[in-house]
Structure formats: C-alpha cells, structure tokens
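*Asks:* Construct the entire structure; sequences and hints are all you get.
Protein sequences, first through last, are from chains G and Z.
With the numbering used here as the guide, the letters of the first sequence map in order to residues 240 to 389.
With the numbering used here as the guide, the letters of the second sequence map in order to residues 14 to 430.
These aren't lab readings, by the way, just hints derived from the structure by calculation.
Please note: incorrect hints may appear among the correct ones.
Unchecked claim - A few chain G residues that face chain Z, going by a derived Cβ cut-off under 8 Å, partial list only: (1) LEU251; (2) GLY258; (3) ALA261; (4) GLN286; (5) PHE306; (6) LYS307; (7) LEU312; (8) GLN338; (9) ASN360; (10) ILE362; (11) GLY364; (12) PRO365.
Using N, Cα and C, we set each Cβ at its ideal position, and we do this for glycine too.
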Amino acid sequence: MAPIKSSRRGFLEVILGGGVLATLGAVVYPVIRYIIPPAAGEAKLSQLKLPFTRADIEADPKKAKYFKYGRNLGIIYLTEKNELRALAATCTHLDCTVQHRPDLGIIWCSCHNGRYDLDGNNISGPPPRPLERYAVKETDDVILVSRENA
Amino acid sequence: MFSRVLAVSIMIVALSLVGLPALAADNCQTCHFEFEDEDGASHKFVRDIHGQKGLGCVDCHGGDPSLDDMDEVRREKDYRGVPSHLEVPRFCARCHSDAAYMHEYNPSLPTDQLEKYKTSVHGQRLFNNRDDKVANCISCHTVHEIGDAKMPHSSTHPVNLIATCGKCHSDADYMAGYGIGTGQVDDYVVSVHGVALLERNDLGAPACNDCHGNHGAAPPGVTSLSAVCGNCHAIEAGLFNTSPHEPAFAANDFPMCETCHSNHKILKPDDSMVGTHHEAVCAECHASDDGTRAFAIAGTISEALSRLVTAHGQAGEVLSEAIEKGMMTTDEEFRFKEVDQALIQARTMVHAFDADSVLSRTGPGILKADSVRVNSAALIDEYHFRRKGLGFATLFITILVVALYIKIRRIDRGLNE
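*Replies:* Printed below as a string of structure tokens:
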C-alpha cells in the first residue's frame with residue numbers, strides 16, 4: 240500500500256506545484272502584457288506631439304500636414320501670417336477629409352465644395368457647423384496640439 | 014358701440030404686449046383685426062416680417078392710418094389699395110428696389126430682386142405676355158405672412174420651398190398650356206437631394222432655387238449645367254471638363270451631368286451605373302464595337318470599384334466585430350477612414366473617365382482595406398486568446414484550490430494520527 244500512497248502524494252505535490260506555477264503565470268502574464276506597450280498606442284488626447292516639424296509643413300506644397308488625433312484626422316497648416324493652426328480634418332457635412340487651399344486662403348472640402356475660413360468657421364457650401372479647432376503650441380522644434388476646450 | 018371700443022382697447026393692449034407698438038396706432042390693423050377671422054390679412058400680419066419690423070398696412074397700401082372710415086381712406090391721394098397680379102412686382106419693388114430705404118431695415122438685403130425677376134421665365138411672361146398666372150412675389154412669399162427665408166415657418170425656407178414651388182408646378186391643370194411636366198416635385202422628393210433636405214433636414218442640400226435661381230428662376234441651360242452642379246460638385250465638374258466626354262457632349266448638345274444622372278430625380282449614384290452590362294449608363298451610348306476604347310475603360314473602372322467595395326466591406330465587417338468584442342481598435346478605425354476616403358475619391362475619379370485615374374485610388378485603397386481586415390482579425394484572435402487564457406487560468410486556480418484542500422486535509426489527518 241505504501242508505494243500507492245507515495246505515488247498519490249507525489250501526484251498531489253505535482254498538481255500543487257504545477258497549480259501554483261500556472262496560477263502565477265496567469266497572474267504574471269497579463270501584468271507583463273500590460274507593462275509592454277502595444278505596437279502603436281492610442282494618442283494621448285489631452286496633448287499630442289506631432290511627428291513632424293514646422294519645416295516639414297513649410298516644405299509641403301499646400302503648407303499643411305495631416306496628423307492622427309485619437310481615432311480622428313487633424314490638419315495643421317501655415318497661414319499667410321506664418322502662424323500654425325490646427326483643425327479637425329473631417330468635414331462637418333458628410334465626413335470627407337478637408338484640405339488647406341493656400342491659393343484661396345481657406346480650408347476646402349472637395350466632396351461638395353464646402354468652405355471654411357482659416358479659423359474653421361463654415362463660410363460657404365453645405366457644411367452645417369465649424370470644424371473643431373485645436374490649440375497649437377510650438378517649443379523649439381516641437382509642435383504640440385491639444386483640444387481647445389480640454 | 015361699447016363692445017367696439019372694448020374690442021379696440023383689447024387689441025391695443027394685446028398688440029402692445031407682443032411688442033408691436035407701431036401696429037397699435039394703426040387704425041387699419043385695429044379695425045381689420047376685429048372683423049377678420051384668423052386667416053385674415055390683419056391676423057397673419059402679426060407673423061409677417063414687415064409687421065415685426067414695425068411697418069404697417071399704410072406702408073404698402075397707402076392711405077392714412079389715423080382715419081377710421083374706409084371710404085375716407087380710399088379718397089386719400091396716396092392710397093394704393095390692393096395691386097393686381099400684374100402690378101405686384103413693381104408694388105413690392107417700390108421699397109425693395111430702393112437701396113437707401115432698405116438700408117434702414119436690413120442693410121445686407123439685396124435690392125435687385127425686380128431686375129432679376131425680369132430675367133426669369135416668370136417675369137418675362139408676366140411683363141411681356143401679361144400672363145397673370147405666372148408666379149409673382151406673393152406667389153412664393155405669400156401675402157401678409159412673409160418670413161425671412163431663414164425662419165422655419167417661411168414659405169421660402171429651403172424645407173418649405175419644395176411645396177411652395179410645387180403649389181403651381183405640381184398642378185397639372187394650372188400648368189396646362191405651359192408645355193412643361195408637373196412631376197418635378199415628385200421626382201425631387203425621392204432624389205438624393207430631396208431625401209437629404211426633407212428627410213435628414215440637411216439644409217446644405219439644394220432646394221429648387223439652388224439650381225434654378227430664386228428671383229431670376231429659369232431652367233439651367235445645357236452649357237451652364239457644369240457651373241450649376243459644379244457649385245457643390247466642383248471636383249466632378251472639373252474632371253468632366255477635362256475628360257473626353259466634354260467635347261463629345263458639347264458636340265451632341267448633351268447636358269453634362271443630367272445625361273447620366275437625370276435632373277430632378279437624381280438618385281444616389283450606384284457603382285452599377287459604370288460598366289459594360291446592359292443596365293450600366295455607359296452601355297446606353299457605348300458598345301464594344303463603337304470604335305472607341307470606352308467600353309474597355311468602363312469595364313476596367315467597374316471591376317476596380319467592385320474590388321475596392323468588396324475589400325472595404327470585408328474590412329468593415331471584421332473591424333465591426335473587433336469593436337463589438339471591445340478590443341482597442343483606434344488605429345484600425347483611423348485606417349478604415351482612409352479606406353472610406355479612397356472609395357469616395359475613386360468614385361469621384363470616375364468622372365475623368367480614365368481607368369488609370371480610378372486605379373490610382375482603388376489600388377492603395379484595397380491595400381489599406383486588406384491591412385485593416387488582417388489587423389482587425391488579429392485583434393479578434395487576441396480576444397479569443399484572452400478568453401481561452403482566462404478559461405485556463407480559472408482551471409489552474411480551481412485545481413490549485415482543490416489540491417490545497419486535499420493537502421490541508423492530509424496534513425490535518427497526519428497530525429491527528
């Protein structure tokens with residue numbers, strides 16, 4: 240009977256040891272997954288550092304660059320007075336992407352010829368309301384964008 | 014007599030309360046209000062923009078508002094009374110063409126309505142043919158209930174304008190003899206513009222006046238259609254004007270947008286409009302043996318659109334499932350918007366009638382859609398992995414608890430022995 244008892248105990252020890260290890264794994268694995276950031280994280284919506292500089296915007300033929308702001312698209316552009324301004328880039332009419340038209344001095348939606356002034360106010364065409372305006376801060380070569388009302 | 018004085022007194026108090034002091038001192042309004050019912054001019058005039066601006070009956074009809082005898086009023090030398098249908102445009106223009114006068118009330122209001130009206134089909138028939146059935150000012154703006162077009166109750170507010178024009182243009186008996194159909198309103202209400210304006214309340218959608226003009230209302234000519242539709246559909250008009258269709262349409266007097274999209278009944282364009290099948294619009298003019306490359310180009314464009322639509326649909330379906338499962342889909346939702354844009358752009362590029370232009374949008378769009386689909390599928394796999402992981406973790410912990418229980422019992426039993 241002794242070997243049977245011994246093998247039962249051994250089996251229990253294995254189960255106990257394995258159970259502790261597996262439980263530790265079940266606790267530690269999600270912790271490690273949590274600590275290692277995902278390949279591309281969600282933008283910190285309160286303030287976003289843009290992955291380009293003023294020089295990049297100046298070099299663009301339309302004096303504008305798009306950026307990802309959370310799950311939305313933003314546009315930053317250079318005005319005639321050399322000021323940087325940023326707006327949500329999704330037209331308030333039917334969600335097309337707007338573009339900077341330095342030749343006309345407006346933000347333009349090509350889908351239905353919707354027009355906004357450089358402050359994002361809808362001035363002509365079908366857009367029913369202004370584009371959301373983002374605050375822009377420039378320090379050295381870094382451009383920071385944030386929601387104005389945040 | 015007492016009841017009349019009482020009624021007049023009540024009227025004055027009531028009008029003072031609604032902020033119309035100018036009307037309160039107006040004998041015309043006071044008396045007419047008493048004997049007219051709610052549909053009467055004096056009752057309606059309370060809602061009229063002229064009444065709200067402080068104008069009274071006398072400002073249009075002349076006479077002396079201090080008199081309380083109508084016969085005496087009619088004898089006044091500047092009494093103008095009620096104008097005939099043919100007189101109305103000049104009757105209104107007495108003020109509305111006077112820039113200095115209008116400046117006192119609304120400096121931004123144009124004062125060229127009469128001049129524009131003279132160029133309209135309505136105005137030309139009224140002045141040249143003395144046609145007293147065609148629309149004059151009050152046909153559209155109503156009488157005594159005239160409202161700013163921005164006011165929701167106004168007959169010229171975009172949402173109400175369709176019915177305003179339809180009052181005459183949908184009446185087959187009234188329109189008999191003019192040689193134009195009466196189905197415009199019925200066609201418009203089912204059109205993409207009508208649905209947007211009347212069902213979705215999208216005030217950006219065009220009403221009758223946006224294409225035909227308002228005071229200068231006339232059908233757009235064949236050559237001006239590009240400018241009319243191009244007011245909103247600028248890119249499409251630009252692409253068309255540089256496409257091989259432009260000279261061909263001009264040579265055959267085909268109206269540019271209308272030939273494929275119709276006029277009042279412009280339905281939401283469908284990808285099946287392009288292609289070589291018998292329902293495609295292209296096939297109405299082109300055939301494989303017409304000596305042009307058009308048929309082959311139409312086939313290529315149709316196939317490219319179809320591939321992008323399929324890729325877009327598949328990506329959207331997988332992404333929706335990932336969103337539903339609560340995964341972090343921010344990046345994929347962002348990329349999917351790019352696929353949406355690619356589809357919009359590809360459909361727009363159809364108006365260049367050039368396969369390469371469309372392929373330049375569908376190619377990258379399909380790649381992005383595939384990427385969204387694969388990444389979203391990976392997120393769904395991750396969801397299932399987590400579910401299985403949770404199941405295993407629960408199992409491990411349960412086994413551990415059971416084993417611990419047995420172990421503790423053993424230890425207890427050993428101690429007792």
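*Asks:* I'd like to know which numbered hints this structure contradicts. Please list them from smallest to largest.
*Replies:* Hints 4, 5, 8, 9 and 10 not satisfied by this model.
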